[in-house]
Amino acid sequence: MAKAKLKEHLINREWCKGCGICVHFCPKNVLELDAQEKVFAARPEDCICCRLCEIRCPDLAIEILTEKQEASENGKSA
Amino acid sequence: MAVKDYIRERFFPHLWCPGCGHGIVLNSLLRAVEQLGMSKNEIVMVSGIGCSSRISGYVDFHTLHTLHGRALAFATGVKMSKPELNVIVPMGDGDALAIGGNHFIHAARRNIAMTALVMNNRIYGMTGGQYSPLSGYGCQATTSPFGNIDYSFDIAELAKAAGATYVARTTTYHAKQMTEMIRDAVLHDGFSVVEILTQCPTYYGRRNRLGDAAEMMDWYKSHTTPIGSKAKEENPSLIERGVFVQRDKPEYCTEYDKVIEKARGGQA
Chain U
1 MAKAKLKEHL
11 INREWCKGCG
21 ICVHFCPKNV
31 LELDAQEKVF
41 AARPEDCICC
51 RLCEIRCPDL
61 AIEILTEKQE
71 ASENGKSA
Chain R
1 MAVKDYIRER
11 FFPHLWCPGC
21 GHGIVLNSLL
31 RAVEQLGMSK
41 NEIVMVSGIG
51 CSSRISGYVD
61 FHTLHTLHGR
71 ALAFATGVKM
81 SKPELNVIVP
91 MGDGDALAIG
101 GNHFIHAARR
111 NIAMTALVMN
121 NRIYGMTGGQ
131 YSPLSGYGCQ
141 ATTSPFGNID
151 YSFDIAELAK
161 AAGATYVART
171 TTYHAKQMTE
181 MIRDAVLHDG
191 FSVVEILTQC
201 PTYYGRRNRL
211 GDAAEMMDWY
221 KSHTTPIGSK
231 AKEENPSLIE
241 RGVFVQRDKP
251 EYCTEYDKVI
261 EKARGGQA
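Sequences listed follow chains U and R, in order.
Just so it is clear: in the first sequence, position 10 is 10 by the working numbering, and no numbers are missing.
Just so it is clear: in the second sequence, position 186 is 186 by the working numbering, and no numbers are missing.
Because the hints were derived from the structure by calculation, they are not lab data.
If you're wondering where the values come from, they're calculated on a predicted model, not measured in any experiment.
Any given hint could turn out to be false.
Stated by the list, open to error - Subject to a maximum C-alpha distance of 20 angstroms in a straight line, what follows is the list of computed EDC-like cross-link-like pairs (lysine to aspartate or glutamate): (1) K28/U to E240/R; (2) K38/U to E240/R; (3) K68/U to E215/R; (4) K160/R to E240/R; (5) K4/R to E8/U; (6) K4/R to E37/U; (7) K5/U to D212/R.
Unchecked claim - Residues of chain R placed beyond 12 angstroms of chain U at every Cβ, according to the derived structure: (8) K4; (9) T127; (10) R264.
To be verified - Chain R is faced by these chain U residues, among others (derived, beta-carbon under 10 angstroms): (11) W15; (12) C16; (13) I48; (14) R56; (15) C57; (16) D59; (17) E63.
In this text, a Cβ means the ideal position worked out from N, Cα and C, and glycines have one as well.
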């Protein structure tokens, strides 16, 4: 299987509540909370697209977009 | 994310607290439905009252938000009249086992094909952190300032004894496993129960000094083990996770159809 290549961390700042679950469980320490306590990808080059942040986000606020997979229409507008 | 096709985006961000495990259950549930490839019209979600029961407002299936503890009773009515639909009943631990304890055991006894998701956060969050039948001996809640003296139910054992034909337990830390279990539970032809340990950082976590949401999830990782593991033998206090029961037994709606046929004397 070809390795997934990161395109973007799609983060919905309106929905993110800054709980820090994604930051805590990221195995590569890619994510951080900013001054407004919203998540952002501080080191996107280290991301291995494991999606552990995406599947554990209680607010459906983070999505990993890879090169092969395009964002859903809803995801883009969110 | 295709899972977003299954939600009512106009109600987001949802009302749950930062780090609430119920959001992770919603997340895993949507992925299970996506894997099942079901249309929104094939699913009915019936919920009662409590933080967890608010989940029915966020999903774009057929949804019913009903009485405290009585979701399974309403769901039974839905299933009996439209057996072709997939009925999912998300409940909190108090909703399912205190207020709705009788509905729970009798739905299990009948083996009616529905999926009961018990989101066990061990507390009544919505009303201010009172202890529930799952809080556990010695825990702190707003109504047990000197420590709780009530023992907990074991949801899996209870469901098994009452006759549920699919019984599983997982946690919000194990989100992938949760998705698999919800998927299998929906496919199961009988009464299925999935207990999900879900953190309430606001009341249970804070009162019992368990740290923030992520630390509570770490606790789920360190204090649970697969069913029958060696770790469980060495440390019996670990909570087992996995599928406890998966067996075939005649399903209630199917049996009821046979009764109708008999009553009609074989005439269609």
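Has the given pair, K28/U with E240/R, been kept, meaning a C-alpha gap of at most 20 angstroms?
-> Outside the cut-off at roughly 29 angstroms; violated.
Against chain R, with CB atoms and a cut of 10 angstroms, does the hint on I48/U hold up?
-> violated, 16 angstroms
Pair hint outcome, K160/R versus E240/R [Cα-Cα no greater than 20 angstroms] = holds, 14 angstroms
Are all beta-carbon distances from K4/R to chain U longer than 12 angstroms?
-> violated, 4 angstroms
Would the hint on C16/U stand, with a C-beta cut-off of 10 angstroms toward chain R?
-> OK, holds: C16/U within 10 angstroms of chain R, min 8 angstroms.
Chain R contact restraint on D59/U - CB to CB distance below 10 angstroms | With a closest approach of 6 angstroms, the D59/U hint holds.
Measuring from the C-beta of E63/U to each C-beta in chain R, is the shortest one below 10 angstroms?
-> E63/U check passes; min Cβ-Cβ to chain R is 5 angstroms, inside 10 angstroms.
Can we trust that R264/R is non-interface, i.e. its beta-carbon lies farther than 12 angstroms from all of chain U?
-> Given that every Cβ of chain U is farther than 12 angstroms from that of R264/R, nearest at about 48 angstroms, it holds.
Against chain R, run the beta carbon of R56/U and see if the smallest gap drops under 10 angstroms.
-> holds, 5 angstroms
Since T127/R was said not to touch the interface, does its Cβ keep a gap of more than 12 angstroms from each Cβ of chain U?
-> T127/R is indeed farther than 12 angstroms from all Cβ atoms of chain U, at 21 angstroms.
Take a quick look at whether K4/R and E8/U sit within 20 angstroms of each other, Cα to Cα.
-> holds, 18 angstroms
Do the alpha carbons of K5/U and D212/R lie within 20 angstroms of each other, as the hint requires?
-> violated, 32 angstroms
The structure fails hints 1, 2, 3, 6, 7, 8 and 13 (numbered hints given earlier, in ascending order).
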